[in-house]
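Chain residues, written in single-letter form:
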Amino acid sequence: MRRLLIAIPYLWLLALFIVPFVIVFKISLSDLAVAIPPYTPTLDIAEGWAGFKAFLAELDFENYIWLTEDALYWKAYLSSLKIAVISTLLTLLVGYPIAYGMARAPEEWRAMLFMLVILPFWTSFLIRVYSWMGILSQEGYLNQVLLWIGVINEPLVILNTNIAVYIGIVYTYLPFMILPIYAALEKLDISLLEAAEDLGCSRFSAFWLVTIPLSKQGIIAGSFLVFIPTIGEFVIPSLLGGSRTLMIGKVLWEEFFSNRDWPVASAVAVVLLLILIIPIVLFQRNEQKQREADQ
Amino acid sequence: MRRMTWFNVTSLTFGFAFLYLPMVILIIYSFNESKLVTVWAGFSTKWYGEVLRNTAFLDAAWVTVKVAFLSSCLATILGTMAAIVMVRAGRFRGRTLFSGMIYAPMVMPEVITGLSLLLLFISLGMDRGVFTIVLAHTTFAMCYVSVVVSSRLVSFDQSLEEAALDLGCSPVQAFRLVTLPIIAPAVISGWLLAFTLSLDDLVIASFTSGPSATTLPMKIWSSVRLGVSPEINALSTIMILVVAIGVITASLINKRNVMRQRREEAAADKLA
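If you read the sequences in order, they're chains E and U. If you read the first sequence in our numbering, its first letter stands for residue 11, the second for the next number, and so on. If you read the second sequence in our numbering, its first letter stands for residue 7, the second for the next number, and so on.
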């Protein structure tokens, strides 16, 4: 009974999460071919051990060498990292004051505010990104308003630039930043701040020396929750970014669907995964520490 | 409790304006008469008529709901099992790998999950369609379900289960009669989460579906790439309203249940 209970989800995840990665890794070592499936070698089980050895002999790291030779790929990795770092910082700057305001709001409002932060998370991601296309385009609502007020004389070009990508990321990932910070700030004991002020801290230095350090766990968790998925983001750079916005998720998609180069797409995925392992492990460790601190 | 400072009020006002204004604008302009989306030309509901007459959208919506329903049910069963294993099964071989497999899919970039599942389906020679999307969605959604359910499992009093076992329940009976009713709210929110995650997904569905199955996000995607369109605005408004009504109703029901549970607990305390 207990065995069965463990085995069913275990086998499911092995078959549909681990095995697929092994296959991706294998294909990343294969060569492109005009065939179905479009790569060689394919393992021929009928030939037994000799077939397996011949199969192994044909695998090589050619695609990875190709990734380092063509500037497109490492530029895309670097630019994804840059966009992820900048947008994580921007999300933190926008999200922290909101989380702070929520934690300081009267108790009877908090459930309502919490709900309002969660609600966008339930609505379609695609629609939320799409809603910015009408706002940021040349003849869009933002330009209409700015021209009408008279701040600008010519419409600004925002859509199809990196700025639009930053706005899109901050907008869609904001709840992921707000919620952990809010959870940390809500637990914070106000009397600590009062003590700091009694002992001669200014409001600002009390915030800097007490509130920020005590909400550190929330800041770290929120930053990882924004940073990790942003690196592989595909929808936002494709809809809001321009032809010059390079992000690795987009490169992988195009390599697969437009160029039909499965081996290179797989190699791109493996390298992306290797880059992500470090932040994922750090994030898990932070969560672990958090859980231990709570108990 | 300190009073709200001007700073807090401003940051909340601007913050929520930022979160909601784009969607409010989208909803308002879905009632725009003009084909040019950004120029207001009077009130009209004609785009809603266009959406409801567009069979391609309706077919895609049907596929999406089917996929979401099947995958969220499967994900709820598997995810609840995984949560029980994580919280109650104690030590077993490969536990670290198991918990890794539960957490990793949630932070995995969608392009990688999609690509790897597609390559699996191809090497197994499976025909791609509704079935493969369901398998893919179940896999990542079950992880979310298990996190939601295990947080409830951790917090409830295990001695209730032990009491049931002492009083002669079989483990299955104890689960059905004691554990399940207690974790039911978490199981339901897990199901809802899995359902909306599946409704929402574009990237994984695009990789794992074949020519026979197009989901609504895939349909929207191919139209949105060409630019803003009034039909998509109307469709988006319908989707936003359906989700908002669903979530608000669910949270109201949940709130009522929590209140009732508290009242019952208070009454039980009085009796004791």
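Please keep in mind that the hints were generated in silico from the structure rather than gathered at the bench. Possibly wrong hints are sitting among the right ones.
Computed spacing ranges between beta-carbons, pair by pair [claimed, not checked]: (1) E:Asp80 x U:Leu186: 29 to 37 Å; (2) E:Leu209 x U:Ala274: 16 to 24 Å; (3) E:Ala25 x U:Ala274: 24 to 32 Å; (4) U:Tyr26 x E:Asp80: 41 to 49 Å; (5) U:Val160 x E:Ile173: 39 to 47 Å; (6) E:Ile173 x U:Thr16: 21 to 29 Å; (7) E:Lys197 x U:Val248: 29 to 37 Å; (8) U:Gly233 x E:Glu264: 13 to 21 Å; (9) E:Ser268 x U:Gly233: 41 to 49 Å; (10) U:Asp133 x E:Arg295: 41 to 49 Å; (11) U:Arg269 x E:Ile159: 53 to 61 Å; (12) E:Glu164 x U:Arg59: 35 to 43 Å; (13) U:Asn263 x E:Ile128: 56 to 64 Å; (14) U:Ser129 x E:Asp199: 55 to 63 Å.
Pulled from the structure, derived: some chain E residues nowhere near chain U, Cβ distances all over 10 Å [what the hints assert, rightly or not]: (15) Val95; (16) Leu156; (17) Val220; (18) Gln294.
Glycine included, C-beta positions come from ideal geometry on N, C-alpha and C.
Determine whether the Cβ-Cβ distance between U:Val160 and E:Ile173 falls within the hinted range of 39 to 47 Å.
-> With Cβ atoms ~43 Å apart, the hint holds.
Does the Cβ-Cβ separation between U:Gly233 and E:Glu264 fall within 13 to 21 Å?
-> Check passed, 20 Å falls within 13 to 21 Å.
Mind verifying the non-interface call on E:Leu156? Its CB should be farther than 10 Å from each CB in chain U.
-> Its Cβ never comes within 10 Å of chain U, the nearest being 13 Å, so this holds.
So does U:Asp133 sit 41 to 49 Å from E:Arg295, Cβ to Cβ?
-> 42 Å, holds
Check the following: the C-beta atoms of U:Arg269 and E:Ile159 are separated by a distance inside 53 to 61 Å.
-> Because 54 Å falls inside the window, the suggested range holds.
Whether the CB-CB distance between E:Ala25 and U:Ala274 falls inside 24 to 32 Å | 45 Å, violated
Using the Cβ atoms, figure out if U:Ser129 sits within 55 to 63 Å of E:Asp199.
-> At 56 Å between Cβs, range holds.
Confirm or reject the claim that E:Glu164 and U:Arg59 have a C-beta distance inside 35 to 43 Å.
-> Holds, since E:Glu164 and U:Arg59 (Cβ atoms, about 40 Å apart) stay within the stated range.
Is it true that the C-beta distance of E:Ile173 to U:Thr16 lies inside 21 to 29 Å, as the hint says?
-> Because 24 Å falls inside the window, the suggested range holds.
Take a look at whether the Cβ-Cβ distance between E:Asp80 and U:Leu186 falls inside 29 to 37 Å.
-> The hint (29 to 37 Å, Cβ to Cβ) is violated, given that E:Asp80 and U:Leu186 are roughly 55 Å apart.
So the hint says 41 to 49 Å: do the beta-carbon atoms of U:Tyr26 and E:Asp80 match that?
-> 43 Å, holds
Are E:Ser268 and U:Gly233 spaced within 41 to 49 Å by their CB atoms?
-> Cβ of E:Ser268 to Cβ of U:Gly233: about 20 Å, so the range 41 to 49 Å is violated.
Consistency note: the structure conflicts with the earlier hints numbered 1, 2, 3, 9, 13 and 18.
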